[in-house]
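Residue strings, one per chain:
There are 2 protein chains.
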Amino acid sequence: MQLQAHPYKKENHCDHYTHELIFKNLYIDTNQELIVYMPASCHVCKSEGFQALTRLVVSVNGRSIITSLNITDDGLLQDGEISLSKSAAKKLEVNEGDKLNVTHMDSLHSMSHVRAKLYGNTLDQQAYTEIIQDISGEKYSNIYLSSFVAACSGDNMNMDEIYFLTKAMVDTGNRMYWGKGVIADKHCIGGLPGNRTSMIVVPIIAALGITIPKTSSRAITSPAGTADTMEVLTNVNLTMEEMRKVVEKENGCIAWGGAMKLSPADDIIIKVEKALDVDSEGQMIASILSKKVAAGSTHCVIDIPVGATAKVRNMDAAVSLSLRLKEIADLIGLKVEMIFSDGNQPVGYGIGPSLEARDVLDVLQNKPSAPTDLKERAVRIASEIVQLVWNLPREGAHDLVIEKLKNGTAYKKLISICEAQGGFKEPQTAKYNFTIESETNGIITSVDNRKIARIAKLSGAPDSQEAGVDFLVQLKQKVEKGQPLFTICSNSPGELNYAFEYYKQNKQQILKLSYE
Amino acid sequence: MQLQAHPYKKENHCDHYTHELIFKNLYIDTNQELIVYMPASCHVCKSEGFQALTRLVVSVNGRSIITSLNITDDGLLQDGEISLSKSAAKKLEVNEGDKLNVTHMDSLHSMSHVRAKLYGNTLDQQAYTEIIQDISGEKYSNIYLSSFVAACSGDNMNMDEIYFLTKAMVDTGNRMYWGKGVIADKHCIGGLPGNRTSMIVVPIIAALGITIPKTSSRAITSPAGTADTMEVLTNVNLTMEEMRKVVEKENGCIAWGGAMKLSPADDIIIKVEKALDVDSEGQMIASILSKKVAAGSTHCVIDIPVGATAKVRNMDAAVSLSLRLKEIADLIGLKVEMIFSDGNQPVGYGIGPSLEARDVLDVLQNKPSAPTDLKERAVRIASEIVQLVWNLPREGAHDLVIEKLKNGTAYKKLISICEAQGGFKEPQTAKYNFTIESETNGIITSVDNRKIARIAKLSGAPDSQEAGVDFLVQLKQKVEKGQPLFTICSNSPGELNYAFEYYKQNKQQILKLSYE
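Those protein sequence lines, which keep their order, are chains A and B. The end of the first sequence is residue 518 by the numbering used here, with every number in the run present. The end of the second sequence is residue 518 by the numbering used here, with every number in the run present.
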């Protein structure tokens with residue numbers, strides 16, 4: 003049968019053809035990946051040939067996002083309904099009952115640059131800018147992100163490309179302006195457990211009259227990040243405006259940087275790098291420097307811990323990284339100085355927010371019980387900042403720093419900063435704790451940092467601020483049978499039990515002793 | 003408070019510590035990626051610090067799979083409940099109410115090889131074997147798969163590595179043995195729409211007494227695959243045993259290869275390559291040759307269509323690919339011959355299963371209306387197979403092939419094969435069709451294959467067998483105003499409407515004419 007007449011009524015079918023579907027919330031958290039859920043019975047999936055993982059543009063009222071499709075059935079969704087993962091629903095700002103539109107995604111132009119990079123080509127500024135814009139616009143699926151990370155891994159980027167990537171990252175995020183000539187900052191590459199130098203360095207530098215608006219991160223996989231530890235003492239959830247007020251009053255702050263969106267593409271890339279456990283020196287340099295420039299910093303001291311289990315394994319790698327950091331920093335207009343430090347063991351005693359905050363206060367209050375390694379690291383970094391900013395000789399800078407620490411000015415400054423951020427609170431102690439004692443006499447020959455961190459997490463850190471591990475001994479220390487090695491702290495008997503059970507199952511590897 | 007006594011009761015907590023959770027089916031299809039769903043309130047997530055995308059081992063009764071975590075809330079799942087994506091639930095063989103165990107995944111050793119490859123190292127046989135075993139064991143997340151594809155993309159693999167990868171793929175899948183000296187096969191790289199030569203080549207070759215057990219694929223994104231088109235005429239869902247019986251009786255078969263698991267790792271890798279749109283010559287060679295060897299083939303003709311919009315863009319690339327295919331085939335013990343063919347336009351008239359099956363039958367029945375391009379391609383491939391297997395000169399082989407086609411033996415053989423596979427059915431025609439006529443006089447200067455394929459899919463192909471496009475003209479052909487250009491065929495007015503609406507919106511690009 004051949005229809006001679008027009009085979010359809012145009013107006014009637016228009017809505018149908020544009021694929022309007024009703025939003026129903028299923029509240030599925032897929033982390034950052036944007037997922038759209040549609041039922042197998044959906045007429046749009048059928049007619050368009052959408053399959054699971056097809057890349058789709060979902061739009062409502064002029065806003066749109068790019069998603070990957072997962073297909074549901076059996077009652078979760080009916081034909082005519084559609085759902086989004088939590089991150090996608092939030093980004094698109096949709097509510098139950100909204101009418102969403104779904105279309106096939108055109109191929110992403112910037113992926114042609116990623117493919118070119120995979121095939122061994124060198125990319126220019128425009129290519130990196132397009133890639134980073136699409137990543138920060140959340141247009142890349144995890145598969146795309148992974149291929150970009152892979153393309154840039156190892157030594158695959160030349161210095162020009164690292165600069166282009168850094169610049170692209172700065173240009174796509176928010177940027178802070180402080181209206182002052184000198185803005186100091188510090189950074190530590192591949193943080194060590196317990197290494198809370200920022201909370202000592204910032205008050206010293208601020209007390210010296212130098213502006214240091216520090217943003218820090220929360221723990222992702224560790225028992226505490228600097229933002230978690232600072233949160234024991236005060237509020238860290240500052241808006242940019244609140245941060246500005248604190249810094250105007252006190253010269254410094256320690257705020258959570260997560261909400262600032264200084265380099266949104268980098269935040270996305272880092273999660274995939276972590277999942278792949280792939281290092282890219284180029285991406286690391288771009289990541290560090292772009293965030294510093296976006297935060298408005300002009301002078302930055304970068305601490306590079308070097309050690310077999312640290313991010314940077316040996317001095318050769320540290321020197322090479324440091325030269326490249328310096329070259330890119332010069333190009334982008336940031337003054338930097340690098341410090342190489344010992345990356346072989348945790349810093350201080352406490353592992354977990356409140357225990358680490360206690361160590362920080364002990365150092366600032368010059369208590370005899372304060373951990374000397376944490377103090378020495380903080381003094382060294384603060385001295386380097388003073389040298390860099392004021393162009394002073396080493397001893398002069400060191401003396402100024404020591405003075406602010408010794409006479410209690412730095413301590414008072416931390417308290418003032420806390421007051422300005424919302425009020426100072428003393429760290430509390432956990433409700434339950436259990437001390438592990440040495441079963442023999444001996445000398446401590448190795449400590450498994452990862453397993454110690456695991457115990458701290460099982461005990462409840464960082465969500466439970468007081469939870470964690472108080473590590474009472476050090477490498478090469480002589481211990482006697484019955485001597486306390488470390489204390490597990492927790493606010494619930496159940497979590498204390500999890501942590502202790504894990505210790506029991508792994509105690510051979512956690513702490514090794516040589517017998518005398 | 004320091005507890006001196008043991009702070010927990012061991013036996014009571016053991017079940018809790020091993021994380022037993024009750025399976026509840028949510029029926030979410032995530033394609034091949036294995037996803038586990040746990041609620042935000044889950045005590046196991048909290049205590050272990052699991053976050054969305056954490057890699058977890060889920061096990062039941064000694065079976066286990068590796069999954070990525072998505073977190074749900076608000077009623078989909080309660081604390082104590084757990085769900086899996088459809089593919090994961092199927093693989094783990096779980097039922098509603100089963101008790102599942104969840105633990106953190108140890109890092110995958112084979113990913114260290116992928117990282118080494120990304121850093122520019124060359125991998126050995128053992129490394130490729132470990133990677134391919136883990137991929138076929140479905141231990142790789144999409145992020146991991148993407149990094150492996152990226153690491154091997156472009157020209158990154160040397161010939162040794164391509165051989166190692168091919169061998170690893172053969173060794174990890176099922177393998178067919180036919181107990182005969184010569185098993186013929188054919189393959190086409192980057193299929194063209196309508197190019198159903200297999201359905202003509204197989205009966206010719208089988209009629210000549212050469213064994214040719216052909217496995218074919220279904221459409222993934224196209225309007226029809228060879229398995230879909232063969233399914234118009236007969237059953238293609240054969241088990242290995244059924245396939246063996248058909249081949250013993252008729253010398254040949256055309257079965258769906260999807261269920262055979264000849265190279266399971268390759269099936270997984272190809273989906274990610276498609277999503278990335280990344281070509282890796284090494285992976286393509288390994289993919290093609292491993293499946294042929296696993297299928298028990300000894301002699302294989304490979305058709306390489308060359309054209310600007312084909313997979314292989316120009317003759318230089320075709321020659322280079324062909325030399326590498328030959329070298330690896332020699333190493334792995336497979337005799338191959340390559341053909342270069344025109345890859346610039348669709349083959350035959352019909353696009354869609356039944357329309358293509360009609361073209362195939364027209365060729366085999368020597369109808370004057372049969373598409374000559376399809377016939378010529380099939381004859382050329384069949385002749386090459388005869389030359390390769392029997393070591394005949396070109397004309398001798400060609401004459402034998404033409405004879406079987408001309409005298410109707412090949413047609414009878416196809417009918418016999420269909421009968422052996424479950425019975426022959428004639429192709430049917432669609433209920434509705436609409437013919438697009440030329441709006442002017444002119445010469446056809448370009449055809450957009452992708453958009454034509456899109457119209458065929460919107461009309462219902464391949465699920466609706468009779469749906470599709472019957473393309474009535476060719477490049478460089480002179481047409482007059484009112485002359486039929488192509489017919490859209492569909493079994494429902496709604497789908498015909500979708501297809502026509504799409505045509506209307508895109509007609510400028512679909513077919514271009516130069517005016518006289």
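Among the clues, some could well be false.
One copy or two, either will do: identical chains are not told apart, so a pair holds if it fits within one copy or between any two.
With a Cα cut of at most 30 Å, we get these calculated DSS-like pairs of lysine-lysine [what the hints assert, rightly or not]:
hint: 1; residue 1: 182; residue 2: 26
hint: 2; residue 1: 141; residue 2: 453
hint: 3; residue 1: 453; residue 2: 101
hint: 4; residue 1: 141; residue 2: 273
hint: 5; residue 1: 101; residue 2: 506
hint: 6; residue 1: 273; residue 2: 369
hint: 7; residue 1: 92; residue 2: 313
hint: 8; residue 1: 313; residue 2: 26
hint: 9; residue 1: 369; residue 2: 92
hint: 10; residue 1: 93; residue 2: 26
hint: 11; residue 1: 251; residue 2: 93
hint: 12; residue 1: 273; residue 2: 93
hint: 13; residue 1: 276; residue 2: 141
hint: 14; residue 1: 480; residue 2: 92
hint: 15; residue 1: 509; residue 2: 369
hint: 16; residue 1: 92; residue 2: 414
hint: 17; residue 1: 483; residue 2: 141
hint: 18; residue 1: 182; residue 2: 506
hint: 19; residue 1: 328; residue 2: 92
Worth flagging that the hints you see were computed from the coordinates, not collected in a lab. All of these numbers come straight from a predicted model, not from anything done at the bench.
Structure versus earlier hints, numbers of those that do not hold, lowest first: Structure breaks hints 1, 6, 7, 8, 9, 11, 14, 15, 16, 17, 18, 19.
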